[in-house]
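Listed below are the residues making up each chain.
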Amino acid sequence: MDALDLARWQFGITTIYHFLFVPLTIGLSVVVAALQTAWHRTGKTEYLRATRFFGKLFLINFAMGVVTGIVQEFQFGMNWSTYSTFVGDVFGAPLALEALLAFFLESTFIGLWIFGWDKLPKRVHLATIWAAAIGSNLSAYFILAANAWMRHPVGFEVNEATGRAQLTDIGAVLTNPQAWSTYTHVLGASFVVAGLFVVAVSAYRLWRHRDADHEMFRKALRAGLLTTVVAGIVVAASGDHQAKLMAQDEPMKLAAAEALWRTEAPTGFSLFAVGDVEGSRNVVNVQVPYVLSFLATGEFTGEVEGIVELQERFEAQFGPGDYVPNVPVLYWAFRLMMGLGGAAIGVGVLGLWITRRGRLPERGWTYGVAMLALPAALAANIAGWVLTEIGRQPWTVTGELLTAASVSPGVSLGEVAFSLTTFTLLYGALAVVEVRLLWRYVQAGPAHVTPTVEPGARVPAFTY
Amino acid sequence: MDLPTIWFLAIALLWTGYLVLEGFDFGVGMLLPSVGRDESGRRTMINAIGPVWDGNEVWLITAIGAMFAAFPAWYAATLSGFYVPVLLIVVALVFRGVAFEYRGKIDSAVWRRRWDAAIVGGSLVPAFGWGLVFANLLRGVEIGADGVVRSSLLDLLSPYALLGALATTALFVLHGALFLGLKTDGPVRHRARAAARRAALVAVPVVGGFLAWTAHDRGTGVPAAVAAVALLLTAVGCAAQRREGWAFAATAASIVAVSVMVFGGLYPALLPSLIDPAFGLTVANASSAPYTLGILSVVGAVFLPLVIGYQAWSYWVFRRRVHVDAA
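Same order as they appear, the protein sequences are chains C and Z. The first sequence begins at 632 in this note's numbering and counts up by one. The second sequence begins at 16 in this note's numbering and counts up by one.
So that you can see chain Z by itself, here it is in the shape it has in the complex (with noise of 0.2 Å):
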């Protein structure tokens, strides 16, 4: 395997870890107010994922970093090419991580609600986001010779792309909610658990009509399509029976699945074009010079397993469920 191709795999890692991680803290901030109804509900709900969402986050920081080092080109195609998605992402990010930090920090009412809502639209917005610009890197964009990125707005928002942001929006809110499941008690698990049948009965659908899409125009991806439908019923099958770790697991494993799907049926593009096959930026024609790859692969192998240890640690230190009591 040569080294672009390692790389390919490295940051299709770095996604995964990402979805995977953020997926659930983005589900339980875009289930604060149905699931948490009263001050202490969204405070165990926040508090569930308080101390992890954050290096979660670093997931991402990292995955464009290594984008931006290891394929510039993709790197500055994609976030030039998707702007305004890109942009609005990013501003949610930013009331996101601020209003985790501020919401407690002033005891009033009309205060956390402005933080809840920057919380809630701080999750869905990046869910839906990020769903809209794996479609659009999937199904291409009018990219030419020159490598810059010519689509519209109105472009990006084809009937596809849309489908797959909603499928990284339900999949998500199914994975917060079992997530609330195993990590809380009291009525927020109860309010988990109901939500968690109710936002199945969407995401297994939509996951499951935006793969078979997938794989239709591809011909290509099929088992881990269906490894991923069969994972999600997997994790309802586990939530109806109580076995919140399980379930939860099971979603976890079915966004990987996807994502094997997104980055296998992607590659060896990384942006097909529209115009011409012959312009689309690939794994050989856009990654950076063996001398880089070559670093930073020396450096990952070393400091990658060690992040994921302490990752590991500190999930392991908050390993209790959340509990609040009611003021």
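Just chain C, same shape as in the assembly (with noise of 0.2 Å):
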């Protein structure tokens, strides 16, 4: 172990922490907002207290998003300072811009909503949340353009004289197309996410409190349910068009995460492989013919770069080294996203018509696989995301800068071990109190909120 390794594994562990809260905020921001114009439209009080009930469990996991944010920002400058002069002219530049654009907007408008309630004209209240959920949803795409110019680097070039990356064209960066597809993969993401959550929660409160706010909760699943099988379609669409750019960009992550180890045309998708990793072969490979051809070309022929050849290619265009990532992890990794999203789509597409024209399944079990595919989802984009990550290495920047080279050297094995302690233990315990408090709280269901007599009456605001 030296301060490399344990700084590669605080940034895993704080990187997958922050992301199971982030997509839950910027779905369910979305999810509060649109509940809240429904009340403002209709006036009837069971969407007033679906807003306030959804929107209390937003607000706790609100705030462990943007504390375990503010860790993400300052951990590059800390842990990777090597990397982070190379690349802060460029990378820097959309983080810049998300505090500046994306994430005052969201934090000073939460604020305005959280104690607005009986200070605020009812439509500038309701303009309050949909500031903040728009400044959630912007936030992501400036995040995911510096993630995807990491992966995919355009619009720079490296300056001979100072050994630093320069940005040379902002719009190549922001409308990299690997930042546009993974956007909308994330955020497709994201609303399933938070789709099954109001599935989840709504398919608890039918299950065990049958009789209270049955029908708001009946409406509440079905929403949740038809909001999980469209942006699921999002996320399988984006997602073939992710794979196509991945055998353009980073065709060994593609060629790992299928166990590909020679180029082969037409090569077919790997259903359940045993591998030699250090034979570079598989013992044991069950596939579906010419369907990896399709979804990397689009032509059911077409050929698909091996780790080998790719290994070999690296070599001589980067000098010797080992350019192959950890191919049992990724090859696991995009299993576990592909089946584990699937399996949600395939619950929302289930749960529709089991729940159509006013039907409640009678058996406990339904309702328990409802809630089981929460955690399926937050699952499914945390192999994403090590898809995403591990994928990319051995560069931190993809033919750039080595991971290896990026880390901060002034900074010693003691410092980033006591650093990574902290982060493990403080982590671990805020997941407790945040499951105990989400639980509580779905628990006590939706408070009773008298009914608004006048349009202008005021609601009492949360409190902290």
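Certain hints may be false.
What the simulated footprint calls covered on chain Z by chain C, stretch by stretch (three residues with Cβ under 8 Å from a Cβ of chain C suffice, anywhere in the stretch; the number is not a length) [unchecked claim]:
no., region
1, 52-64
2, 94-102
3, 111-125
4, 227-239
5, 298-311
6, 316-329
Simulated from the structure, these hints should not be mistaken for lab results. Built from N, CA and C at the ideal position, the CB exists for glycine as well.
Combine the two chains into a complex, taking the hints into account.
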């Protein structure tokens, strides 16, 4: 173990943890805004109660998303100073834009929303939750553009004198095909998570508290299922696009994710493989013929490059070294992402069918499945990031900067060990607190709100 | 004026905004046990900063993001060079942010007491820590020709840096007490006034001492130092006459004066080297290329006024004094 290993573990742990809260924040902000809009339009108390109920769950999650995001912004400089110095010119720009254009919006208006219920006119108060929701959705774009640049660096040149990357075209960075594709994919996945969150909560309420607010949660369940299916289709379609970009920009990641050792045309999609990494071959490999060729190139007989050939090509291009990322991890992360993601969509479609025309299932296990779909969707999201980030190895910036060369040279093993331990313990404890709080508020159910008599009647604010 | 200098000023502005705004909510957090003696008192205090603290904190996120984009080497050397203090600050901010949201979510005295402790610690550590970091930036660190900071944690805890840390802490406590005098009513307002008097007794000499030491070392910045101390005394005078708005404005202006002193004292350096002045990071040698700075300038010129506008509006929406009835 050296400081580099620990810095990598810390990045992995803090990033994955942050991403447990981000998709829910992105998706739920819009869900809550939509519920409040429905209340504003119809004046029905049940929408107000649903807004307040899901709003509270949203805020419990939002707090964790914000604080774990702060850690991310500091971590680049703390543990990855060589990387930060090399890329700041390019990578720092979207980060600064995110803070200025999106995060200010989100944080200021969330305060106005929480405390503004009894201080702002209804219409203005409704606008504050939309401003916060737009802020959080916009924020994701800038962060993903920065991440996309690491995988497919565009719009820059390396200054020979300073040895640093320099931005030459901000338009290229912000319209990076990888950025748009990833944004669509991640946004879709976020709405799947939010949809399934609503599904899980509603299913639990319907299962355990059948009489109370039955109608409200049946409607919420259906809306959550519909969101899951629509967003799931976006995820699948953008995922297909991602595979083609991966074949083009990051062929090694695709080859590793498919355990495709040798270049083949045509080649099949692997369903189950047992590999011999040392021997660069698979012992067992169950494939669906032609499918990988189609996924990667759009043609059933297209050629897909293999790990061995790519390794040779990269050695010729970048010099001696090991350019193969961790194949088993990528192979299974890829399958976990697609499998669980597909299952989540399946739950959505089946759920819509089962609950058609006012029906609700009688059997307890169906509710159990609905609740389990949420952790499954979160796991699919995590697997997606594992694929993205580990697939980029050994590079931090593909073709430009190796991870091993990115770490802070002045930071000791002890310091990284201390911060890794601190964050792991802190995050572990906070996870327990967050789950406990969410559980408590789901159990308690929606609070009763006095029906509004006059249109301008005031609703008490949330308090701390 | 060249672009790197403009961005140095922009970053100084962002930090100043952060210190003025989050300064008072740190102060309120640190005063939670002494001024908010019972639950209704503490709730009054927390509700006074509740709607705005999150927006205040984004000034920090933006300042750090702007350092990353405009002066990558400064961002990298500062955060990796001050590893342990920065880590403690970040952990404190994590605790604090969660504490505000979670403390009222379960109705239990033990639960609230724990989160109150997180708010106090989460406010004290960054107030102290940022003072420590900025004092060390002024003093310089052991940075080599390779841009790597070699100062150990003990090096960072020099008497000068500790005095700087104490100065920001005392200043924020005073700033927070005056904010509470302005924004609350009832017993909290009374206790906040008393707290402001006590805080001033510490803040005036400590801030004055730190600024005098800084001015003595650098041979510049005397007007800013004098202004900072004079404004603090003005704040105390206004508070004694129950002119709470003016008192708060005066500490805010005093923080601005301290910030002018710090960033003015630093310029054109960003991170001076104690090993050899030639190794230090400067506005000229650590900046991003003009293209990046140009884009940031355009976006900043358009959006920073907008941000200031809507944040000012949020303060206007919550302009009334906060009052919580005892349960």
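Here is how each hint holds up against the structure:
A stretch counts as covered by a chain when three or more of its residues have a beta carbon under 8 Å from one of that chain; for the region 52-64 of chain Z and chain C the count is 3, and the coverage holds. Judged by the Cβ-Cβ criterion of 8 Å, the region 94-102 of chain Z is covered by chain C as claimed, because 7 of its residues qualify and three suffice. For a cut-off of 8 Å, the count of residues in the region 111-125 of chain Z with a CB near a CB of chain C stands at 9, and the three-residue condition holds. A count of 0 residues in the region 227-239 of chain Z with a Cβ less than 8 Å from any Cβ of chain C is obtained; the coverage claim is therefore unmet, three being the minimum.
Against chain C, the region 298-311 of chain Z contributes 6 residues with a C-beta closer than 8 Å to a partner C-beta. That satisfies the three-residue criterion, and the hint holds. Three residues within the 8 Å Cβ limit are the bar, and the region 316-329 of chain Z against chain C gives 6, so the coverage statement holds.
Of the hints listed earlier, the one the structure fails to meet is number 4.
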